[in-house]
Amino acid sequence: ELTAANLSSLGARAKIRELLAGNICRCTGYQLIVDAIVVAAKSVASEGQQ
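Just add 1019 to wherever you are in the sequence shown, counting from 1, and you've got our numbering.
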């Protein structure tokens, strides 16, 4: 299960890539998109802990 708390792990990054597959162009390899998802999830997680 993907949650904001575990999105930074390598397994979570692989799952993000799997979920993106077939939905958007792969020409960039998704790296910046995956990075943005991880950053956003960490932000949401830290807001939830306050």
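One or more hints might be untrue.
Listed next, with one range per pair, are the computed distances between beta-carbon atoms [said to hold, decoys possible]:
1. 1059 <-> 1037: 14 to 24 Å
2. 1066 <-> 1046: 24 to 34 Å
3. 1063 <-> 1039: 13 to 23 Å
Worth flagging that the hints you see were computed from the coordinates, not collected in a lab. Note that beta-carbon positions come from the ideal geometry of N, C-alpha and C, so glycine has one too.
Cβ separation of residue 1066 and residue 1046, checked against the hinted range 24 to 34 Å: holds (33 Å)
Could you tell me whether the CB distance from residue 1063 to residue 1039 stays inside 13 to 23 Å? holds (18 Å)
Cβ distance range 14 to 24 Å for residue 1059 and residue 1037, holds or violated: holds (18 Å)
Taken one by one, the earlier hints all hold for this structure without exception.
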